[in-house]
Amino acid sequence: MGIFNNINILLNTKQWVKIYLIFFIILFLSAFQMIPPVYAETNTSPQSFNVSPAIINVPLSPGKKYSYAITITNLSNKPLLLQASLKDFQTTGEEGDYLLEDTHTNPLLSWLTLSKDTLILNPHEKKKINLMINTPKNIPLGGYYGILFFEPVLQNMDSGKTRIIPQVGILLLANIGVPDPNAKQADILTFTTGLFHQTNSFPLLLRVKNISLHFFTAKPILTISPLISFKPTPVSPMYLDDRIIFQDKVRRWEEMITLPDNHPNIYKVNLAVSTGNGNYSTESTYLVVFPFANALLLLLLCIVIAFLIKRRKRLKGAFKALFHNT
Amino acid sequence: MSSAVKKHFYTKKLKLLAALLLAVVITLPPLVNTFITSVNAAGLTSYKDQIGDSRAGAATYHNFTFVTPSTTNIKSITFQYCTTASGTCTAPSGMILATTPTLGTVTGIGGTTYTPTSTNANCTGAGNTNCTLTLTVTTPAAQGAGSTVIVPFVTGVTNPTTINTTYFVRITTLDGGASTIDGSNSAAFAVLDVGSIAVSATVDPNFTFTVAGVSTGGNFNGGTGNINVTATANTIPYGSLTAGTPEIAAQDVTIVTNAAGGYTVTASTSANAQAGNPPLISGATNNIDTFTGTNTAPTTWSAPSGSTANVNTGFFGYSTEDSTLCTGTASRFTSGGAKWAGPNITGAEVICNASPVTTETTRIGWEIAINAIQPAGSYTGTAILIATPSY
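Protein sequences appear in the order of chains A and B. When we follow our numbering, the leftmost residue of the first sequence carries the number 79, and every step to the right adds one. When we follow our numbering, the leftmost residue of the second sequence carries the number 24, and every step to the right adds one.
Extracted from the complex, chain A is given alone in its bound form (with noise of 0.2 angstroms):
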């Protein structure tokens, strides 16, 4: 007690209050560090950049010069250092896959040229660069193809870092020649639709191989008519999504169709692959359309009215019976 008269001697009150302010700012404080802190969860410097054209597909013709402007967009705060190299790619399977290489094995490389191969971007500076065709004369008709890369050059870093590389492909595509228009242009592999369904939707199963010496992109059109009609309706035709077919390779197409009726019916399915050119591959099939369960549950349904149809005097009978036990 002597202790704490001794401090009130020497402290007045006012003192006491700056004590107290203190000590209350400080346990407000603490209080913070007891809530576990919150982070931003992407980091603030992102690194982005746009090029267009992001495909290049052309008709080329031998011996002739091209050339064609490629401009890329530095969309971050920080100056960008851009690196520009061709690579070959193949196609693998049948759903539009690349696969890279680092050959120069597609002659189509060996005729471009780059008006510079390394380019600095102030933060959100556009720059321009030009892609120079030069076609020999004397080359097989055909599709040629590869890719242009466009990746940040990176500083050293120190050891024990991994580094992310993003890279951005520019699609080149060029036909040498056009095709003869009286050619087949594409085989329709496979084309499925199942034959039974119970409702207005149905799995469609479409590979179209290309046959021709050039690449083309193919757009599938459906057009499906119902068999039985009671008055001529317009047929829509629907348009699947294109894609490109390169030589000797297959293309799949596999979705749910639904038709813009939900009646029951026999359908019949047209399906005109367009290549270009006015060029088309053709194909049929049927399917029907018919609730088979809800149709076996009325059939079932009408069998119990007939019985209770054909029983009806017994039941008359005994419901009298219970009525009148009653």
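There's no promise every hint is true.
[What the hints assert, rightly or not] With a straight-line cut-off of 25 angstroms between C-alpha atoms, the simulated BS3-like cross-links for lysine-lysine are:
#1 B:Lys71 / A:Lys297
#2 A:Lys165 / A:Lys206
#3 B:Lys362 / A:Lys239
These aren't lab readings, by the way, just hints derived from the structure by calculation.
Put chain B on the given structure of chain A with help from the hints.
Showing chain B alone in chain A's frame:
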């Protein structure tokens, strides 16, 4: 059995059959349709006349586009200019058709060799119905049902002279016997004024690729706060690894593209001096191996359990939050918890979209773990994220 009893049974059977038949007919309406003759749909769809200059009296191209539902050989197509869409045709005043209009590239018709002709008239309005362009196919052939036909008349057409008026073109396809296959269907075009504005625009496919590091404490692929290393856009500084403690870093990859086929991002590691190109190396012999799961069959992360140094004593792998990949099983990295794959020098799909995207951000994770036998050293490697437009 007496005849009265027999008659009674017959009546009952008939009633039963009638009830069943009635039920079937009522409940299955399509069967009713079988008694009605089917009539094939006819008529062109998506028809339009695109003109290059809308000024009154201007000579310009007229590009016709329509979809034909028929596969029948088209011998000729007529394009009759009228002031109304249907009914009696009155030719637009002041419209002029050249004797031999010139054609651009005709597409969508099965046949070959096309000849354009016209009525060669100064279409003088009321009473004149003879204001027609004709395309004749020398060697007709069938086209696919739903074929989009494009017939561009490049020169030889001069617009009507009455301003601010809508005119119509009645399009009819005819067979070799001059019988109508489809049509007529009327496409409209407008003559606006004596002055016009030329508008031209081209939109190239473009591609934006953004990579941003994710800070520690972030969530990855169903986990909560499981990111324990802060990555930048270009580096993953794992720091000093502890045996038995996996480290996860992540990056957000954002794509913006109008490419019709969408895009694909693949992950790979760069080749190096060691046999088998392990993803992270230290000097000439020490390495951290690629994780055992593969891109086609990624697996739940498992700790490295090798007992010989540099042989499965350390693992490096990747995973993605994209649950709709374009190849293989779409959700193979996300279904049933995070699944991981080991990278190699061949790129493998980590993000994909088969359609154009305005902005799509996907998180990619990188995990590393070692056991007590992993040799000490400073390990370095390079992972590559390649973004390309799909074809």
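Hints, one by one, checked against the model:
1. B:Lys71 / A:Lys297: Holds - the C-alpha atoms of Lys297 of chain A and Lys71 of chain B are around 20 angstroms apart, at most 25 angstroms.
2. A:Lys165 / A:Lys206: 20 angstroms, holds
3. B:Lys362 / A:Lys239: At roughly 24 angstroms apart (the allowed maximum being 25 angstroms), Lys239 of chain A and Lys362 of chain B satisfy the hint.
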